[in-house]
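Chains A and B, in that order, are what the protein sequence lines are. With the numbering used here, letter number 100 in the first sequence gets 98, and the count goes up by one each step, no holes. So the numbering used here is basically just the index in the second sequence, starting at one, shifted up by 1.
It should be emphasised that the hints constitute simulated quantities derived from the structure, not laboratory data. Hints are supplied without guarantee of correctness; some may be wrong.
Stated by the list, open to error - Just so you have them, the derived chain B footprint on chain A, three or more residues with Cβ under 8 Å: (1) 45 to 59; (2) 69 to 77; (3) 151 to 160.
Backbone N, C-alpha and C fix where the C-beta goes; we use that ideal spot for every residue, glycine too.
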Amino acid sequence: MVSNYYFLNVIRFILLVLVQVLVFNKLNFFGFINPMVYILFLYWYPIKENRAAFIGLGFLLGIAIDFFSDTMAIHAASTITIAYMRPAIMRFVFGVNFEFQSFKLSNTTRVQQITYLALLIIVHHLVFFTLEIFSLANFLLILKKVLATGTATLILCLLFGSLFSVRKE
Amino acid sequence: MQQIINFIIRYKNFLLYVFLMIVSLGFTIQSHSYHQSRFFNSSNWITGNILETSNDVSTYFGLDTENQKLMRENQNLRKLLFNKKELDTIVLDSVQLTYTITTGKVIKNSFADPRNYITIDQGSKDSVAPDMGVITSQGILGIVENTSKNFATVQSILNEKSNINAKIKNTDHFGSLVWDTKRYNVVQLIDIPRLVPLTIGDTIVTGGMSSIFPENIPIGTIRKFDLNTSQSFYTIDVALFNDMTNIKNVYIIDNSYREEILKLEKLTETNGQ
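So here's chain A without its partners, still in its complex pose:
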C-alpha cells in the first residue's frame, strides 16, 4: 500500500512534467498564454506528509520544468513559495479541520476546492511573472499576465482534476 502510494506520486510527477513541457509550453494561446498545469502536483500532494520533503519536492518539480524551458530557476522559486504557503492557504480555505486525521480533499465542497486551487495559482503566478519580468515599473503587465495565464491554468487544472479525480486518497 505504502509503496503503491509513492509510486503514484512519482508517476504523477513525471507525467505532469512531460505534459507541461511537451504540450502546454508550446500552446502560446493568444501569443503569450502558456498554462502551468504542473501546479496540480502540489494541489494533489497528500496533506499529512512531511513539510520539508514537500518543499524539497516542489523545488525538484520547479527545477525540472526550468531545465526544459530555459527559464533559470523562476519556476522553482514559484513552486517552493506555494509549497511553503500551502498549509496557510488550506487553513484559510478549509478552516482548522484540515488538520484532523479524517480530512480528505474529496470530502470538501466544490467551492472550497476551487478557491484553494485558485489561491495556489495566483500566488504561484505572481511570484513567477514578477521574477520573469523583473521590474515593478511593468506592474500592469505583470497583473495582466497573471490574470490571463491564471485563468487558463485554473480552467485546465479543473478539467484535469475532474478527469483524474483523487477518489481513493
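Here the structure of chain A is known, so what remains is to put chain B in place on it, guided by the hints.
Relative to chain A, chain B alone:
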C-alpha cells in the same frame, strides 16, 4: 546552544524555504546580469533527448510546408547562380572560406517569454560552438549561447539581452537591434542618427561590424519610426521576415576569422589604455 538548536528545529521549514529561495534567486539574478547558466539550460543530455524525440514526432505534420520552403530557397539560389555574369569556377576549398555553414533543426522554440531561447539538434560534436550566428532561409534568428555534445541553445533575437549590429540596406548607417519584449514579430533598431532619411518599408539587414554574422543577411522591414527622448536618435520598429513561431530548419554560421578579429581587438584595447 540548546535554544539555537530548538530555534532551528522549530523553524526548519521556513529556513529550508529561505535557503531554496536564495538558491533560485541566485541563479535567476546571475542570468539577468550575465549569460545563461552553463548547466541550467535545455541543451543537456536528458532534456535534449526528450525534446528531440517529441520533435521527431511532431515534425511529420509540417514536412510538406517545410519542403516547399526549402524548394523556394533553392529556387532563389539557382536564380542567383544562373544569372551570375562572370561565371568563373567557384573555388570551394575549405582553407579559403571565411564562413562555414552547418545545418540544424529546431527542437524547442519559445517566443512568449521576455528571454527566449531556442534549442537545436547540433552540438559540439558537429563543431558548433558558442557565439556562432544562426539564421533561417528568410532571415536572422539568434546567436548560439551554450553547447553540449549533441545539442545547443540559441539566444533568440526575441530576448531582452540580445543586441545585434544591424544597418539599413544599401547604406552604412548602423545601429543595434534589440527587443522590447512586447510582440514576437517586431524588434527595435536603435541608435540610428536623426539625419538619416528613412521610409516605411525599407529593408534592415545585418551590419558588417559584427564578427558573428556576415553582412547583408535580411532581418525585416521598417514598420514605424520615432525619435527617442533625447530627439537625436531614431527608435525603429522592424517587422521581421522570419515567422518566429514556425521555425524548423536553420543554418549555423561559423566565421573562421572570428578568433583572429577578437584577438586583435583585445590587443588594441589593452594597448590603448
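### Task
Please name the hints from earlier in the document that this structure breaks, with their numbers sorted from lowest to highest.
The structure conflicts with hint 3 only, although it agrees with all the remaining ones.
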